[in-house]
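Undergrad: Heads up: the sequence lines are chains A and B, in that order. With the first sequence counted from 1, adding 23 to any position gets you the working numbering. With the second sequence counted from 1, adding 434 to any position gets you the working numbering.
I should point out that these hints are in silico values taken from the structure, not numbers from a laboratory. Heads up, the beta-carbon is just placed ideally off N, CA and C, and yes, glycines get one too. Honestly, I wouldn't trust all of these hints.
In silico DSBU-like links for lysine-lysine, alpha-carbon gap of 35 Å or less [what the hints assert, rightly or not]:
hint, chain 1, residue 1, chain 2, residue 2
1, B, 1295, A, 131
2, A, 66, B, 941
3, B, 1295, A, 135
4, A, 131, B, 1450
5, A, 135, B, 1164
6, B, 1215, A, 135
7, B, 1450, A, 69
8, A, 131, B, 1135
9, A, 131, B, 990
10, B, 1480, A, 135
11, B, 1215, A, 69
12, A, 66, B, 1215
According to the in silico footprint, chain B covers these stretches of chain A (three or more CB under 8 Å from chain B) [stated by the list, open to error]:
hint, region
13, 36-42
14, 53-61
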Amino acid sequence: MESVVFIFSLIDCCALIFLSVYFIITLSDLECDYINARSCCSKLNKWVVPEVIGHAVVTVLMLISLHWFIFLLNLPIATWNIYRFIMVPSGNMGVFDPTEIHNRGQLKSHMKEAMIKLGFHLLCFFMYLYSIRQQSIS
Amino acid sequence: MSAPAGLPPRPAGAVAAYPGGPGGSREAAAPQGAAPRCQNGPVQSQMQFPSGYGSHPPNYSAPSGHYSQVPSKAVSSHLDNQYRASYQSPYYSAPAQNVMTPPVGTNVLNTRESQQFYNSSTPPHTVGLTEGPAQGAIPSGSYVYTSAQQSYSAFGDHYNTSVSSSVASQGFPLNSDHYAMPVVSSAMYPNVSYPPAATSSMYGQAFTSQSLPAAGQFKETNTFSSQSTSVPHSLQQHVPVGYNSTLSTISSAQSFQDNLSKSLTGSVAKVNNQVNRGGIDSSQPVHSVSQNVQLTKPGFGAPASSALISSVRTPAPGLSSQPRSSPSITQSPDSALQEALDSSSTTSSASPVLNNYDALEGGGYPETRSVTNSPVPTPPAPQTSKTSKPFGYGYPALQPAYQNTSPPTPVQATNPSHHPGFQHYPQQYPGVNQLSSSLGGLSLQHSQQPEGLRPINLTQDRNILPVSSVPAPVPNLNSDLRKLNCSPDSFRCTLTNIPQTQALLNKAKLPLGLLLHPFRDLTQLPVITSSTIVRCRSCRTYINPFVSFIDQRRWKCNLCYRVNDVPEEFMYNPLTRSYGEPHKRPEVQNSTVEFIASSDYMLRPPQPAVYLFVLDVSHNAVDAGYLTIVCNSLLENLDKLPGDSRTRIGFITFDSTVQFYNLQEGLSQPQMLIVSDIDDIFLPTPDGLLVNLHESKELIKDLLNALPNMFTNTRETHSALGSALQAAFKLMSPTGGRISVFQTQLPSLGAGLLHSREDPNQRSSTKVVQHLGPATDFYKKLALDCSGQQTAVDLFLLSSQYSDLASLACMSKYSAGCIYYYPSFHHSHNPAQAEKLQKDLKRYLTRKIGFEAVMRIRCTKGLSIHTFHGNFFVRSTDLLSLANVNPDAGFAVQMSIEESLTDTSLACFQTALLYTSSKGERRIRVHTLCLPVVNSLADVYAGADVQAVVCLLANMAVDRSVSSSLPDARDALVNAVVDSLSAYMSTASNLQQSMLIAPNSLKLFPLYVLALLKQKAFRTGTSTRLDDRVYAMCQIKSQPLVHLMKMIHPNLYRIDKLIDESTIHVNDRVVPQPPLQKLSAEKLTREGAFLMDCGSNFYIWIGKNCDNNFIKDVLGYPNYASIPQRMTQLPEIDALPSERTRSFISWLRDNRPLSPVLQVIKDENPAKTDFFQHLIEDRTEAAFSYYEFLLHIQQQICK
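Chain A with its partners taken away, still in its complex shape (with noise of 0.2 Å):
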């Protein structure tokens, strides 16, 4: 059962590395101005949600399976996304607002929140890894 859980959380976290990715690889497109900030920014909107329930799933499994250390590890990130997601002004068309992230070097703190995200995701994925390992072994 346990590593059930953690099989069902390595998938998870690559899905949420991949999605590190290609939220940097997005942003730094649009650094690059190889993209305008329209499209950019529905792009990366779309998986804003998907992000945040892939997280939370995350943590709410650990949280149920009691493993403390990485549910207290995952819940800092996790409530960061879900406090980001809320605290949208209503007037904004997402997390990623095309008609401000030039400004107020927006672009610049995305980048390094996907960057810091793709580093808790890499150090979560072999710490499941390891725990699986773990798991076989015992």
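Guided by the hints, dock chain B onto chain A, whose structure is given.
TA: Same frame as chain A, now just chain B:
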């Protein structure tokens, strides 16, 4: 009865368009445009039409007139839009008028004299070509003003006489004409540049009378009594001379001094010649061509010439007579005008003049002082005594030569020698360290600081307002670069000395940013037609005056430092028709140029001008009665709409349904097509809704005549704005263009419906102001869609109730439109607003317009732009997408310093605005600004441009209040003052901490910030309607600096005692120049009458005990009691006070695009509160007085 005859076709047509098809097949039918669910369409149209419409058939009976009008329209529009005839000329006269200030007048006098001299000696067109050095010098020396005026008069000639040679009136006659049509050029050259025109001599005479007495006055008032002392005095004015001559031999300086003294003993007119002769005598004709002052640096050829020329190319002795040999060409008359403008505005303030003198001494080399041997290092006492002379008469001895070398504003002169290092051009790359160390040392070592740094004790010094308007500080560049630099009206930086590193910028606690007004109405603009537009290969910068030519074939980009080749074509200069002088091309001689772009700059063929009007016709709108005004304005200006033969126009009206108007040519009368399916809007007919203005003019006129009466009996109160906008977008998307939306209430139906969010009880809350941001993203999305299709949406909101401008404004904000708001608009109850709408519309409809524009701002490597303010969509990192650009739009950007700028001593900024003119030409307008880089904090403060800083802060505060909260933004504003002043005070260690000291450059900073805090956008505690607040915020974001400053800090003048002293002459009119008053009730005396200029409003406040003569002569009423409550115009009374007042007011009006509404205020008038709210130095229940604010700041600093 033609009415019945005229009517039947229309319903028939409507029915034809709506076959009354079964509603079931709607989806299928919609794409074909054959309208489905419209069984009710024809019915309604029949109901509504006959009422207003049937009465107009007589109009249809003369369709032939429509054709006859086409040619005439074509001609007039042709005139219009080449920025020549009628369109530009109104704006033209305004700046030109400013040239005529007294101090400039002396100059003008000289100009004339020298010109006569010139005319008598050489044929006019040989300037810089044959005789070059010697003779050419004389006109060139006095050139700035000459050209300003001459071209003015010449212009008139062109307009009046030779319309066909319209290129000549291209705004920049010398340059562009030559360029565009070299064949004609030589013939036109003398004509344009030096016409012995009656106008010029008239001006000259006018000033003879003025300036000569002024000179006498100078001698009297001056503390130096003898002439010999006044010579060094004037020498000091010649900063470069004094400075340079110290570098060279003393004897040469002496000879110059002799020349000067000779000249001073002679008449003022002679001075010019003398100076020139001096140059010639000392066998330096090489430089004599360029500028009188520089030519008088004898015995100093090589270094001086390299300093002079190096920006253009490396010093090549054989050519050294050339580079400046055609200054009259190089200097755009516009900038000359601009300089003249500057001088007119600043010379009138006495204190900068004095300090200029002060700073000159301090800034120069020590030897300067010994050479010039100034008797008194100007102690402050005589300064103040001279300050009492309001209008800069103090220095009539200013040589014209001087005024040419460095633009004549006193402030410009204040710190020129502060950084002698800039004399060496950066392009030479002198030992930078060595240079900067000498720079750094200078500012601190000298006991006297540059003017910008003069400490001012704010709590004690109460009169900090200048006598007339606040001048823009002038970058501390060497005179050559300064002359080439972009006009501060188009391009301003908050710090005219760019700090070298981000750390230094952070220390200064001032924001770094640019304020742009790129599409400003320019009187004269060099237009360049060239098959290759020379740009840097790596950063795509356009070639500009600040690039350096490494040799004849290569130039180095001043933004990215890449070395580029000079293309073959660029080697030929069509102006002089000479080869091998790329540095003399107009692109390299003007910092503001316009290129006619080739097809490389088009993604599609240039679009025609397309105008779509979307009009609210609900009950509320009809009640407000705006339709009549709009239709009449449109009828009046139909022929003046910018455009060409392809211009198209269309109309949509909406209430709870959307009505389209088929104006297809050939119809006997306009057809109304109603679409009631607002949830799924579609275009009822594929064509005929946007029609050619010329082909369907009669139909359009019929419609405009009929529209105001068509909906008089409507009972429809709903407004389906969102659907109408969607329809408008669909209609416009194939071409792009301009949508003008007139809305009078909260949209209540269909897409984009809004709910009232304002809580009236919260209006005067001091805590939270909510709902500053949009409620829905509908309008933002729509705007982005429009922007993508090159369509801009302009919003006219004429509402009496809350209409959620915060949401509605999005449609204009992101589509590069503009927003007009008329609170409590009613055609009869509120005539002031009605008048304002009428005037605004006139300007709106006839002003220049650029379509499918993009703007890119580039800056020197190391600087990066991180935030943009204004109405546009930022498409990629530095590309602003502007569907439309209009001359009244301003922009601001914030910058940061990413890499330290230690390798360079100059930072450059370039904006390029690519647009399609209304004539279907693709054009690029390029502005380039060049600023020095400094490495000491003191220099950063010395160069701070307080107006730009405040405008940028206002923009940032708007962002902050929307994204965070209003109190946050207010705190940030106060902190900006506190931080920067405390940072300044900590740098100047010798200051007493107990006082509140500001550098002179920032002395108005606390006042302006207080004004901002009391501005509608940011005030708390005073009842402010949410829409008013949001509108003020929109204006802050989109207004150019000049207008914004008036909004923030209005100008107050006392007008009951206008006197002839300190007047300026404008077109034979005498315009009095009353001094600026503090915005405080203490200045308002009951005996006086005051004019407040708030930018969009003029208030005239009449005191209770105001002189009855004034009331009688100016207002036309016998006494105070008989003045009516609503008075919006001054009568034309044939009395001197009335004449003066009116000429002053019309002069103020001439200087701005939107004609302000005038209101006369008596004590009981309801507008009185508006007036008193603008007295920002006074205490209100909710806000500090100025003095309290200063104490508050001091407290904060001491913490």
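Undergrad: Now tell me if each hint is right for this structure.
TA: Hint check:
Distance restraint check for residue 1295/B and residue 131/A: the Cα-Cα separation of roughly 19 Å lies within the 35 Å cut-off, and the hinted pair is therefore satisfied. Annotation: proposed proximity of residue 66/A to residue 941/B is violated, straight-line Cα distance about 40 Å (limit 35 Å). Proposed proximity of residue 1295/B and residue 135/A is supported: the alpha carbons are some 23 Å apart, at most 35 Å. Note on residue 131/A and residue 1450/B: the hinted pairing holds, with a Cα-Cα distance of about 34 Å set against a maximum of 35 Å.
Taken as a hint, the residue 135/A and residue 1164/B pair is broken in the structure, with Cα atoms around 39 Å apart against an allowance of 35 Å. Straight-line distance between C-alpha atoms of residue 1215/B and residue 135/A comes to about 27 Å, which keeps the hinted pair within the 35 Å bound. Between residue 1450/B and residue 69/A the alpha-carbon distance is near 39 Å, which puts this suggested pair outside the 35 Å criterion. Distance check on the hinted pair: residue 131/A and residue 1135/B sit about 53 Å apart at the alpha-carbon level, beyond 35 Å; violated.
Simply put, residue 131/A and residue 990/B have alpha-carbon atoms about 31 Å apart, close enough for the 35 Å limit, and the pair holds. For the hint pairing residue 1480/B with residue 135/A, the CA-to-CA distance comes to about 41 Å; that exceeds 35 Å, so the pair is violated. Using a Cα cut-off of 35 Å, the hinted pair residue 1215/B and residue 69/A holds, with the two alpha carbons roughly 16 Å apart. Between the alpha carbons of residue 66/A and residue 1215/B the distance comes to roughly 15 Å, so the proposed pair stays at or under 35 Å and holds.
Chain B is given as covering the region 36-42 of chain A, and this is violated because 0 residues of the stretch bring a CB closer than 8 Å to a CB of that chain, at least three being needed. For the region 53-61 of chain A, the proposed coverage by chain B is satisfied: 6 residues have a C-beta within less than 8 Å of a C-beta in that chain, meeting the threshold of three.
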